[in-house]
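Enquirer: Chains Z, Y and B are the protein sequences, given in the same order.
Start counting the first sequence at 1; every next residue gets the next number (the numbering used here).
Start counting the second sequence at 1001; every next residue gets the next number (the numbering used here).
Start counting the third sequence at 2001; every next residue gets the next number (the numbering used here).
To be clear, the hints were calculated from the coordinates, so they are not data collected in a lab.
Glycine included, C-beta positions come from ideal geometry on N, C-alpha and C.
Some clues are possibly wrong.
Unchecked claim - Partial selection, computed: residues in chain Y whose CB lies under 7 Å from chain B:
1) Gly1091
2) Ser1093
3) Arg1095
4) Thr1107
5) Lys1123
6) Ile1124
7) Asn1126
8) Arg1127
9) Ala1129
Said to hold, decoys possible - In the DSS-like style, the derived pairs of lysine-lysine whose C-alpha atoms are separated by at most 27 Å in a straight line are:
10) B/Lys2123 x B/Lys2151
11) Z/Lys151 x Z/Lys30
12) Z/Lys123 x B/Lys2123
13) Y/Lys1123 x B/Lys2074
14) Z/Lys123 x Y/Lys1151
15) Y/Lys1151 x Y/Lys1123
16) B/Lys2030 x B/Lys2151
17) Y/Lys1074 x Y/Lys1030
18) B/Lys2074 x B/Lys2030
19) Z/Lys30 x Z/Lys74
20) Z/Lys151 x Z/Lys123
21) Z/Lys123 x Y/Lys1123
22) Y/Lys1030 x Y/Lys1151
23) Z/Lys151 x B/Lys2123
24) B/Lys2123 x Y/Lys1123
Stated by the list, open to error - Computed Cβ-Cβ distance ranges for the label pairs, DEER-style:
25) Y/Val1067 x Z/Glu46: 37 to 43 Å
26) Y/Pro1094 x Z/Leu70: 48 to 54 Å
27) B/Glu2046 x Y/Gly1052: 33 to 39 Å
What follows is each chain in one-letter form.
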Amino acid sequence: MRAMRTDGMRAKPAGKVDMYTAAVITVSDKGSAGEREDLAGPLVREMLESEGYEVARAVIVPDEQAVIELELMKCADELDIALVVTTGGTGFSPRDVTPEATIAVCTRMAPGIPEAMRAESMKITNRAALTRQQAGIRRETLIVNLPGSPKAARENLGAVLPALDHGLEMLRGAKRDCAADEQSKP
Amino acid sequence: MRAMRTDGMRAKPAGKVDMYTAAVITVSDKGSAGEREDLAGPLVREMLESEGYEVARAVIVPDEQAVIELELMKCADELDIALVVTTGGTGFSPRDVTPEATIAVCTRMAPGIPEAMRAESMKITNRAALTRQQAGIRRETLIVNLPGSPKAARENLGAVLPALDHGLEMLRGAKRDCAADEQSKP
Amino acid sequence: MRAMRTDGMRAKPAGKVDMYTAAVITVSDKGSAGEREDLAGPLVREMLESEGYEVARAVIVPDEQAVIELELMKCADELDIALVVTTGGTGFSPRDVTPEATIAVCTRMAPGIPEAMRAESMKITNRAALTRQQAGIRRETLIVNLPGSPKAARENLGAVLPALDHGLEMLRGAKRDCAADEQSKP
Chain Z
1 MRAMRTDGMR
11 AKPAGKVDMY
21 TAAVITVSDK
31 GSAGEREDLA
41 GPLVREMLES
51 EGYEVARAVI
61 VPDEQAVIEL
71 ELMKCADELD
81 IALVVTTGGT
91 GFSPRDVTPE
101 ATIAVCTRMA
111 PGIPEAMRAE
121 SMKITNRAAL
131 TRQQAGIRRE
141 TLIVNLPGSP
151 KAARENLGAV
161 LPALDHGLEM
171 LRGAKRDCAA
181 DEQSKP
Chain Y
1001 MRAMRTDGMR
1011 AKPAGKVDMY
1021 TAAVITVSDK
1031 GSAGEREDLA
1041 GPLVREMLES
1051 EGYEVARAVI
1061 VPDEQAVIEL
1071 ELMKCADELD
1081 IALVVTTGGT
1091 GFSPRDVTPE
1101 ATIAVCTRMA
1111 PGIPEAMRAE
1121 SMKITNRAAL
1131 TRQQAGIRRE
1141 TLIVNLPGSP
1151 KAARENLGAV
1161 LPALDHGLEM
1171 LRGAKRDCAA
1181 DEQSKP
Chain B
2001 MRAMRTDGMR
2011 AKPAGKVDMY
2021 TAAVITVSDK
2031 GSAGEREDLA
2041 GPLVREMLES
2051 EGYEVARAVI
2061 VPDEQAVIEL
2071 ELMKCADELD
2081 IALVVTTGGT
2091 GFSPRDVTPE
2101 ATIAVCTRMA
2111 PGIPEAMRAE
2121 SMKITNRAAL
2131 TRQQAGIRRE
2141 TLIVNLPGSP
2151 KAARENLGAV
2161 LPALDHGLEM
2171 LRGAKRDCAA
2181 DEQSKP
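My request is simple: use the sequences and hints to build the entire structure.
Expert: Structure, rendered in structure tokens:
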């Protein structure tokens, strides 16, 4: 049985050494109003849980920049969640402002994450060039935007998910010295 | 015969369902002073027209950030042009400030567009890493920077042009619900 | 024999037409405190010298944003060094702030450089998505961040080093007209 942790620190159940808390934030006016079923959010949750994350929060918010920012700050500052994944609001529609909310609350951006996601998606469709998602760090929380379509969200998250754990180790003060560790690698 | 529209909305001539207005802005001190023939601008115009855009404006401006910003704002705020493509001013020369002017006037950046352009150009030359072009949104106008050399401008625009139409549909309130549409795709 | 220049201008020793000054800044708390040998710095220096750069400065600074910014400004404003390469401080650790210092002192960013480095590194490890390095221009100085591990620093610099010379020619006012030159290419 996995111990539920809400402070973002790693719990260490038997046979599971890496576990961080995560939040899934679906950004959608229609989803928020109950006018559309949220398909991407549960899919992202499932992917995170399969990778060993403890999804401590899953919410749907409208495409309002101030509301998205407040939710991101709550996850980072109050709940100390390690990984916050948003889905939706990354396109060109006038209401798509998830990247702008993310930039506003992060103190350090991680441009390699959206680059890797878009590069992977570009192999499938040239429309991937239109996604505007960002990733960045606020306090000890990594925030990663995904597109809103379930298919694109799955592709995008899949492209970077295996690497995120290492980022969280660096961010959350893993005991081992990462740079020294890297130097001893082949 | 195609109906000329200047409000950025799609005209719908027979057999041509997608048409947006476009502007081509050549950024070049020498071109602006009449000391060099503008080759990139007409080439970009031709590419846009072949794709079905109505080029409603084509101008040459000097490499002055304030002048470029004013021109971009005129296209977006006054002429309501759907797609503004600039060529030139994206390199390392001290006078190359087109990306800075673009960042200054856009409220939402679209980093996937220059990423896709550079990734495509990198297949041809490693000097593509030196191009600093940006893309972003101001009101209902998408602004895309291209390098100044005709060859690089053609390569770069060709890498993203087929996808831009979909971005403009999202931006300008196409009737169909894009997210729902995406979800129903295979 | 190579003439040492400290004003960032090209010296022209026999058989060596391209030479710019460079600085190597190792960003590391432990390296700065003498608690760890700096392996990446000397490796970067060697790569730069092999490419024909005159390494006029090599220092180790702690992971303090203000200290990094001062060092970058000294290299650009006082020493007029053409190419400043940093190594370290580009990860997710709370003390990793080299990209933020770089953004703070640069007036024009060059996003294609870190994109090209990460795209190359992604072929080797998906952890490359976690590197946050930036590149940008301050006055006539190009600043390029590299990761701190010697292996990653070598891979990253190798991906862009052959192109940087052309960027510095544009930046430092090479006599030839780059755009015209490009146009005459096949």
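Enquirer: Take the hints in turn and mark each one as holding or not.
Expert: Structure-based check of all given hints:
1. With its C-beta approaching chain B no nearer than about 5 Å, glycine 1091 of chain Y sits inside the 7 Å limit, and its interface hint holds.
2. For serine 1093 of chain Y, the interface hint holds, since its Cβ comes within 7 Å of a Cβ in chain B; the closest pair sits about 5 Å apart.
3. Interface hint at arginine 1095 of chain Y: violated, since its Cβ lies 10 Å from the closest Cβ of chain B, which is beyond the 7 Å cut-off.
4. A hinted interface residue such as threonine 1107 of chain Y counts as satisfied when its beta carbon comes closer than 7 Å to some beta carbon of chain B; here the least separation is about 18 Å, so the hint is violated.
5. Interface hint status for lysine 1123 of chain Y: violated, as the beta-carbon distance to the closest one in chain B is roughly 11 Å, over 7 Å.
6. At about 11 Å, the closest approach between the beta carbon of isoleucine 1124 of chain Y and any beta carbon in chain B exceeds 7 Å, and the interface hint on this residue is violated.
7. Restraint check, asparagine 1126 of chain Y versus chain B: the minimum CB separation of about 4 Å is within 7 Å; hint holds.
8. A cut of 7 Å between beta carbons decides the hint on arginine 1127 of chain Y: the least distance to chain B is about 5 Å, and the hint holds.
9. A least Cβ separation of about 4 Å between alanine 1129 of chain Y and chain B falls short of the 7 Å threshold, and the interface hint therefore holds.
10. Straight-line distance between C-alpha atoms of lysine 2123 of chain B and lysine 2151 of chain B comes to about 14 Å, which keeps the hinted pair within the 27 Å bound.
11. Taken as a hint, the lysine 151 of chain Z and lysine 30 of chain Z pair is honoured in the structure, with Cα atoms around 18 Å apart against an allowance of 27 Å.
12. A threshold of 27 Å between alpha carbons decides the hint, and for lysine 123 of chain Z with lysine 2123 of chain B the separation of about 15 Å falls inside it, so the pair holds.
13. Our distance criterion of 27 Å between C-alpha atoms is broken by lysine 1123 of chain Y and lysine 2074 of chain B, whose separation comes to about 36 Å.
14. Between lysine 123 of chain Z and lysine 1151 of chain Y, the direct Cα distance comes to roughly 24 Å. Compliance with the 27 Å bound is thereby established for this hinted pair.
15. Of the supplied pair hints, the one linking lysine 1151 of chain Y and lysine 1123 of chain Y holds, its CA atoms being roughly 14 Å apart against a limit of 27 Å.
16. A threshold of 27 Å between alpha carbons decides the hint, and for lysine 2030 of chain B with lysine 2151 of chain B the separation of about 18 Å falls inside it, so the pair holds.
17. Distance restraint check for lysine 1074 of chain Y and lysine 1030 of chain Y: the Cα-Cα separation of roughly 22 Å lies within the 27 Å cut-off, and the hinted pair is therefore satisfied.
18. Between the alpha carbons of lysine 2074 of chain B and lysine 2030 of chain B the distance comes to roughly 22 Å, so the proposed pair stays at or under 27 Å and holds.
19. Pair hint lysine 30 of chain Z plus lysine 74 of chain Z holds up; C-alpha atoms about 22 Å apart against a cutoff of 27 Å.
20. At roughly 14 Å between alpha-carbon atoms, lysine 151 of chain Z and lysine 123 of chain Z fall within 27 Å of each other, so this suggested pair holds.
21. For the proposed pair lysine 123 of chain Z and lysine 1123 of chain Y, the alpha carbon gap of about 15 Å is at most 27 Å, so the pair holds.
22. With a C-alpha separation of about 18 Å, the suggested pair lysine 1030 of chain Y and lysine 1151 of chain Y falls inside the 27 Å cut-off, and the hint holds.
23. Taken as a hint, the lysine 151 of chain Z and lysine 2123 of chain B pair is honoured in the structure, with Cα atoms around 24 Å apart against an allowance of 27 Å.
24. A threshold of 27 Å between alpha carbons decides the hint, and for lysine 2123 of chain B with lysine 1123 of chain Y the separation of about 15 Å falls inside it, so the pair holds.
25. Between valine 1067 of chain Y and glutamate 46 of chain Z, the C-beta spacing of about 52 Å breaks the proposed range 37 to 43 Å.
26. A beta carbon spacing of about 42 Å between proline 1094 of chain Y and leucine 70 of chain Z contradicts the range 48 to 54 Å that was offered as a hint.
27. Range check, glutamate 2046 of chain B to glycine 1052 of chain Y: Cβ separation about 53 Å, and the 33 to 39 Å hint is violated.
Hint compliance for this structure: hints 3, 4, 5, 6, 13, 25, 26 and 27 are not met, and every other hint is.
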